[in-house]
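Peer 1: Kindly generate the complete structure, drawing on both the sequences and the hints.
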Amino acid sequence: MAMVVDYKHDSSFPYWTSIRRRFAPDSPFFSSGNIERELLAKQVALDFTEDERNQLEKMIDTDARGVFCPIVGCGARLTLLEDFEDHYNTRHTASCSVCSRVYPTSRLLSIHISEAHDSFFQAKVARGYAMYECLVEGCDLKFKNYKGRQQHLVDKHKFPTSFEFFKKAHPSKKQRLKNQRKRAVNKKDEEVPSKMEVENEMMEGLVSAVSKLSTSDSSPSTVSFGRRNARGLTFVPRSIQPPLQKK
Amino acid sequence: MADDSPASHRRDPIKSSVGNVAAQRRRQNAVTVGKERRESLVRAKRLCRVGPSGDGDVPGEENDMVTDEEGFLLDAQTSSAVEDLKSAIAYQGKGAMQKRVNALRELRRLLSKSEFPPVEAALKAGAIPLLVQCLSFGSPDEQLLEAAWCLTNIAAGKPEETKALLPALPLLIAHLGEKSFLPVAEQCAWALGNVAGEGEELRNVLLSQGALPPLARMMLPNKGSTVRTAAWALSNLIKGPDPKAATELIKVDGLLDAILRHLRKSDEELATEVAWVVVYLSALSNFATGVLVKSDAILLLVERLATSNSLQLLIPVLRSLGNLVAGDSHTTSTVLIPGHEITDGVIKVLVKCLKSDHRVLKKEASWVLSNIAAGSIEHKQLIYSSEAVPLLLRLLSTAPFDIRKEVAYVLGNLCVTPTGGDGKPNLIEEHLVSLVQRGCLSGFIDLVRSADIEAARLGLQFMELVLRGMPNGDGPKLVEQEDGIDAMERYQFHENEDLRNMANGLVDKYFGENYGIDE
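Chains A and B are the protein sequences, given in the same order.
Per full-length UniProt numbering: the first sequence = residues 1 to 247.
Per full-length UniProt numbering: the second sequence = residues 1 to 519.
Source of the hints: derived by calculation from the structure; they are not laboratory data.
In this text, all values refer to a predicted model and were calculated from it rather than measured experimentally.
Treat the hints with care, since some could be wrong.
One side only, chain A facing chain B, incomplete, derived with CB under 10 Å [unchecked claim]:
1) Pro25
2) Ser32
3) Arg37
4) Leu108
5) Tyr146
6) Lys156
7) His157
8) Ser162
The beta-carbon is built from N, C-alpha and C at its ideal position, and this holds for glycine as well.
Peer 2: The following block contains the structure:
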């Protein structure tokens, strides 16, 4: 294959050179291919009409032989509906065994436990160690106090100033005891202890049902069907005493 | 759509203890909401953002058009629903949870009726702080789901409406966690995807709040609508222009593997979302490009190009391939080695794209070919002798302008040797002669006549090759025959100095005083 070599290159002419051309994703070069995609930049989640829903009902598969646990990454198969509750409690809830607060990740739960229930943690804080971790995964910064961590979240990570990692439960313990006594006096009052607000309130119906069965004066909020105590001491650091039973 | 939901609630438990009733009820409720949501996912319509000039509305279905009266009513109902939610949240008595969920559901329904939800009314009534409260840790799944759904649709509209979600972001991100109920995590991902789709500023906020790692982890399972939603959200999150997020994403443990798995095996809809993630990874991050090139990605992209006919899928897959070729010299030098099966496969699928009816595929396939043609001499020979050239020649004379320009790059690249160190490429006479004989010169001269500076430049450069390189001094004659002199003389007094000099230089050199005299 012959090539032509030109010795008399006129250096001012920009000769054709074969080079790779790369474009940024927002380059106009790609815009015709992006048109449809741009329409999908935001998507509304719409409801179905009644008819459409009925149609889909017929189409949706139901597995008669059991349920799959719906939690991200689990995939466990359970043969009876009631097994699900146990499975869920033992495998998936990141709930604090001391105060029953629930968190969406194990990491947040363990941060909560250290900060709220660990006297060892508090001792180190008192001695000036930076113990309060930044909540953002991968940040790894630590602070000497809750407020300092909070400020960091706002300044560095643009958290809203209203964000509170540790929310106090409503109402106060005193108030709850008061409510408890009130209930003992007035059996018609089936108000659920407001402590329940801290945990999954599906239990609410549960407890009121139990209180109807009970012959005793107070409806104990210590009634728990696996949700709170099943994993009892698993998350509790060794330095913590088993929690006093709640009112 | 994979069905990974809990089973039908029609089964009666054998034991009827109170505990089971409560558990059953909880799951029933979550299943109902989850089902409604899944259905809406399937039907998620595209929301068209109205441009600054007020146009750009995609005509929706007739029943989505909301009249003024209906709109007014909807707004009133929405404000009222927000008020209901407010009092439901304040209420702490018996049945508080159910009250909250009912209020949320009512608001959600108002916000999900049409492509144009009454977002402004909701925001004005103060929906956001209430919804943020509903996202607090430990809230029931149903509540989280409904709140996240409301936020999703609020974020799907105008920029300032999307920005209104700022206070909710840390909680939405937190609920992507591994302990979350799957439909909840998915709905949060959807909301976050809308936020990321708004623009760079919000993207940076999300990244600084740690949104990337949990979203990335949601892509790891094999199937499910959650994977698809997470991939879509991620594609919005990493689209830059800052390459940092793309680089961070490819480093997530197991993510490359998941991408390859989805490209290889998943259904076209999921593969499409994953392909867009690859588009951004390969366009923005050199590190990610390197990782992808060393993996099976190219092979899998070629497979998809060969087997699919879905334009939605072909576009990002082709572009990913193009980005990998353009972004890393290793692609052509170590992977797409001439003579190897994979290289033949690439040429084959690019030819398939050239043959397609779709403008985008033809244009971008030509672009990819031009980059391969910028490789070694063997690459140029490979393309030259392939089925691509006759197609390219035809496209050069008949296709729309943007395609012709890319085709020009391919053909021109075939005619010059690789750019050496001294920057003086030599001609490949055999290729040049053949292509000119097959009539490509007129196409290039047409480019010279176009208004596009880049195209005109290409045309002039090719003309130079012809003038210099055609044997027996045939160049000038051929150029003259195609009215090339005329085309060049248009630039004699052109405002663009570069083009002026190029054109005048060629005319002076090849069509000077002595031209034609020796004939």
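Peer 1: Tell me, in ascending order, the numbers of any earlier hints that this structure violates.
Peer 2: Those not satisfied come down to hint 5.
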